[in-house]
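Novice: Here the protein sequences come in this chain order: Y and W.
Residue 253 in full-length UniProt numbering sits at position 253 of the first sequence; the count goes up by one each step and never skips.
Residue 25 in full-length UniProt numbering sits at position 25 of the second sequence; the count goes up by one each step and never skips.
Incorrect hints may have been included.
Each pair of labels, with its calculated beta carbon distance range [stated by the list, open to error]:
hint, chain 1, residue 1, chain 2, residue 2, range
1, Y, R109, W, P109, 20 to 30 angstroms
2, Y, A298, W, D172, 18 to 28 angstroms
3, Y, P247, W, D172, 22 to 32 angstroms
4, W, G169, Y, G378, 32 to 42 angstroms
5, W, D43, Y, P247, 29 to 39 angstroms
6, Y, T40, W, D43, 55 to 65 angstroms
7, Y, P247, W, S2, 26 to 36 angstroms
8, W, S2, Y, T424, 28 to 38 angstroms
9, Y, G137, W, E107, 24 to 34 angstroms
10, W, P109, Y, L25, 49 to 59 angstroms
11, Y, R109, W, S2, 16 to 26 angstroms
To be clear about the criterion: a stretch of chain W counts as covered by chain Y if any three or more of its residues have a C-beta under 8 angstroms from a C-beta of chain Y, and this derived list gives those stretches [what the hints assert, rightly or not]:
hint, stretch
12, 3-10
13, 66-76
14, 103-116
15, 127-135
16, 169-177
17, 186-196
Below, in silico cross-link-like pairs of lysine to any residue (SDA-like), each with a Cα-Cα straight-line distance of 20 angstroms or less [to be verified]:
hint, chain 1, residue 1, chain 2, residue 2
18, Y, K35, Y, K214
19, Y, K67, W, R10
20, Y, K67, W, A13
21, Y, K44, W, R12
22, Y, K44, W, E50
23, Y, K67, W, P109
24, Y, K67, W, I23
25, Y, K67, W, R12
26, Y, K67, W, E64
27, Y, K214, W, V27
28, Y, K214, W, D110
29, Y, K214, W, I23
30, Y, K214, Y, A110
Don't read these hints as lab results, they were simulated from the structure.
Cβ coordinates follow ideal geometry from the N, Cα and C atoms, glycine included.
Each chain, letter by letter, is given below.
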Amino acid sequence: MSDPAGRGVVWLGSPAFPDAARDALKDTQLRANLKRATSTIRDKRLAVASELDDWEELRTSAAAIKKRTARHLDHYLVQLEESVTAAGGTVHWASDAAEANRIVTELVRATGEREVVKIKSMATQEIGLNEHLADEGITAYETDLAELIVQLGEDRPSHILVPAIHKNRTEIRDLFAAEMGHWGRPAPDGLTDDPAELADAARRHLREKFLTAKVAVSGANFAVADTGTVVVVESEGNGRMCLTLPPTLITVMGIEKVVPTWTDLEVFLQLLPRSSTGERMNPYTSTWTGTTDGDGPAAFHLVLLDNGRTDTLADTVGRQALACIRCSACLNVCPVFERTGGHAYGSVYPGPIGAVLTPQLVGVENAASLPFASTLCGACYDACPVKIDIPEVLAHLRARVVEQARAERRTPTAEALAMKAAATVLGSPALLGVAQRTAAIGGRALARRGRIGRLPGPLRGWSDSRDTPAPPAESFRTWWRKNRSQKEGER
Amino acid sequence: MSSREAILGRVRAALADVPVDEIPEDVPVPRNYRRAHTAPGDDLVTLFAERVADYRATVHRTDETGLTDAIAAALTARGVRRLALPRDFPSALLPSGPWTWHREPLEVPDLDALDGTVTLAAAGIAVTGTVVLDTGAGQGRRALTLVPDHHLCIVYAEQIAADVPDALGLLDPTRPLTFVSGPSATSDIELDRVEGVHGPRTLDVIVVDPTHPEHP
Chain Y
1 MSDPAGRGVV WLGSPAFPDA ARDALKDTQL RANLKRATST IRDKRLAVAS
51 ELDDWEELRT SAAAIKKRTA RHLDHYLVQL EESVTAAGGT VHWASDAAEA
101 NRIVTELVRA TGEREVVKIK SMATQEIGLN EHLADEGITA YETDLAELIV
151 QLGEDRPSHI LVPAIHKNRT EIRDLFAAEM GHWGRPAPDG LTDDPAELAD
201 AARRHLREKF LTAKVAVSGA NFAVADTGTV VVVESEGNGR MCLTLPPTLI
251 TVMGIEKVVP TWTDLEVFLQ LLPRSSTGER MNPYTSTWTG TTDGDGPAAF
301 HLVLLDNGRT DTLADTVGRQ ALACIRCSAC LNVCPVFERT GGHAYGSVYP
351 GPIGAVLTPQ LVGVENAASL PFASTLCGAC YDACPVKIDI PEVLAHLRAR
401 VVEQARAERR TPTAEALAMK AAATVLGSPA LLGVAQRTAA IGGRALARRG
451 RIGRLPGPLR GWSDSRDTPA PPAESFRTWW RKNRSQKEGE R
Chain W
1 MSSREAILGR VRAALADVPV DEIPEDVPVP RNYRRAHTAP GDDLVTLFAE
51 RVADYRATVH RTDETGLTDA IAAALTARGV RRLALPRDFP SALLPSGPWT
101 WHREPLEVPD LDALDGTVTL AAAGIAVTGT VVLDTGAGQG RRALTLVPDH
151 HLCIVYAEQI AADVPDALGL LDPTRPLTFV SGPSATSDIE LDRVEGVHGP
201 RTLDVIVVDP THPEHP
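Bound conformation, chain Y alone (with noise of 0.2 angstroms):
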């Protein structure tokens, strides 16, 4: 993993987005997966949505409630940060992806335990987390299932919700047989392949981890300002495992995740598992207010990260993408994430979102090529419960990643070049009759069955991925002149 930032914040550093799409496309499996995996919960979350005929106004008010927060975001964290420590938690604050590995390990080490039980959590993927307690000699057991099928592979996530949705299940199989008697109890003899046996298989691993664990390590989904309430939304039960046996807590939130009031949880809590798995609810949602007497742990530390976050809230535009609640809604439909899958993005957060997240949260001279990721189809700013309009914030970004590699060239490139070519041709009619009659004549030579495959010279990269039509024989210009002079002299 490397930091190109040079202030703490993880990029893993893969391929830029087109050379790693490239080698995802070549993969047929992982493309069936993916479109039967997205088409299924695009499908389930339609209908489900469409239960509630007010989901409009549902998605307005959730924008409303992130834009009063980020607007007066220093005002909710003090007031999250009292109501935390008045209800008995402990708050940490932490700059960047260092500060916060460097906090949790310090509170891990103050309990003299070596092991954490970890609900799965993109704020703790996003610094590294598992990565720099295994460095300290602390080992980090991810406990939801798909996260628990990612570290035994040594794999990363390919998906928001789903993360293992690039393995089928007898690749999950053969996993779970060779590797989970490294990490603890093993597989069954003669695990076969069927769902319910592989979910029963990790059932029976996990289940001696949380009976002995004593430092649990989350996420947050929200947070109350007003209360001090946290949430955490999930289905197999595995955090509500760790949220309540082991006696200290520790969790990590970006800031950006604080909502104002409990009331707001009302439309968050409607529009999260609809958007997200397409439920009505999610199977098990836990919600606590620091500690409770004889309850679930009797320590809790709230570690609450910027790590890029502030930077991304200085830009008007690009800061709507902290409103994310994470519901991978924008993956499922998007129809590049579709083809690609998580992996190519290089990110924690892949898809549209990802595509506008990470090149804020890194620094777009880091991630220049993700904010291109992107047909700008339109169809993420749809499915957002909380309407962000990623295609705004992504010609935004592209537009950002074009002025910075301008500044830093001394001699334009092709594209320029071609921009600025054009700039002239279009401005001229008589250059653009010109450059139509020899687009027609070199089109038809390049042409096969009226596509063009590959066009020459520095064009080369751009029709690398797509065909071109053939230029008509007769350009618009032409034809309009014969027509309608005949008929004029018709007249």
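Guided by the hints, dock chain W onto chain Y, whose structure is given.
Specialist: Frame of chain Y; chain W shown alone:
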């Protein structure tokens, strides 16, 4: 400078476009959404029962006089014998029969050795088919309804709120809350839904409804 001051300073600098005299309430939050996705006169108890059953939980309906028999029938159907009970669970509701009842306090390994648990609830949510536990009367602490493999939960008709906004308004956020919608489930393997990973693999809900005098 502490990280707290640094982060708050960066937040304030990032919000230079926000007028200094703007207060949070100046940013309007329209709340034109519905308080409940039900119509006046809807039978909330029936809706709740249908929506809970949608999650592959088993729903039983009875009136108060049939409750003990309903508990016995549900436990018999599941074949569970050794059950954990909240400290204050009403003994009068317990059926006599082959069951052994283990009241709190119980250590987590003891809970793990039991077959199931029987509790009351704090609220139900009709539209989403959700049971809410707040560790209050007859519910026990959170581990009780988590570690054993079977959870039988009793919800009274008058506890059922129409929808999420109503339910949140009834609940006390300072208590630890658990919203339960069906048994533990995962869809992580090829999106095949499997009930039962870490939480209870089976969920039975008995709705106590005075207008429903059917006994099991």
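Novice: Each of the hints needs a verdict: does it hold here or not?
Specialist: Okay, the hints, checked on the actual structure:
no.: 1; hint: Y:R109 - W:P109: 20 to 30 angstroms; in the structure: holds, 27 angstroms
no.: 2; hint: Y:A298 - W:D172: 18 to 28 angstroms; in the structure: holds, 21 angstroms
no.: 3; hint: Y:P247 - W:D172: 22 to 32 angstroms; in the structure: holds, 24 angstroms
no.: 4; hint: W:G169 - Y:G378: 32 to 42 angstroms; in the structure: holds, 36 angstroms
no.: 5; hint: W:D43 - Y:P247: 29 to 39 angstroms; in the structure: violated, 45 angstroms
no.: 6; hint: Y:T40 - W:D43: 55 to 65 angstroms; in the structure: violated, 32 angstroms
no.: 7; hint: Y:P247 - W:S2: 26 to 36 angstroms; in the structure: holds, 28 angstroms
no.: 8; hint: W:S2 - Y:T424: 28 to 38 angstroms; in the structure: violated, 57 angstroms
no.: 9; hint: Y:G137 - W:E107: 24 to 34 angstroms; in the structure: holds, 29 angstroms
no.: 10; hint: W:P109 - Y:L25: 49 to 59 angstroms; in the structure: holds, 51 angstroms
no.: 11; hint: Y:R109 - W:S2: 16 to 26 angstroms; in the structure: holds, 21 angstroms
no.: 12; hint: 3-10; in the structure: holds (count 6)
no.: 13; hint: 66-76; in the structure: violated (count 0)
no.: 14; hint: 103-116; in the structure: holds (count 3)
no.: 15; hint: 127-135; in the structure: holds (count 5)
no.: 16; hint: 169-177; in the structure: holds (count 6)
no.: 17; hint: 186-196; in the structure: holds (count 9)
no.: 18; hint: Y:K35 - Y:K214; in the structure: violated, 41 angstroms
no.: 19; hint: Y:K67 - W:R10; in the structure: holds, 18 angstroms
no.: 20; hint: Y:K67 - W:A13; in the structure: holds, 17 angstroms
no.: 21; hint: Y:K44 - W:R12; in the structure: violated, 41 angstroms
no.: 22; hint: Y:K44 - W:E50; in the structure: holds, 18 angstroms
no.: 23; hint: Y:K67 - W:P109; in the structure: violated, 46 angstroms
no.: 24; hint: Y:K67 - W:I23; in the structure: holds, 12 angstroms
no.: 25; hint: Y:K67 - W:R12; in the structure: holds, 15 angstroms
no.: 26; hint: Y:K67 - W:E64; in the structure: violated, 48 angstroms
no.: 27; hint: Y:K214 - W:V27; in the structure: violated, 43 angstroms
no.: 28; hint: Y:K214 - W:D110; in the structure: holds, 18 angstroms
no.: 29; hint: Y:K214 - W:I23; in the structure: violated, 43 angstroms
no.: 30; hint: Y:K214 - Y:A110; in the structure: holds, 12 angstroms
Violation of the numbered hints given earlier is confined to hints 5, 6, 8, 13, 18, 21, 23, 26, 27, 29; the remaining hints are satisfied by the structure.
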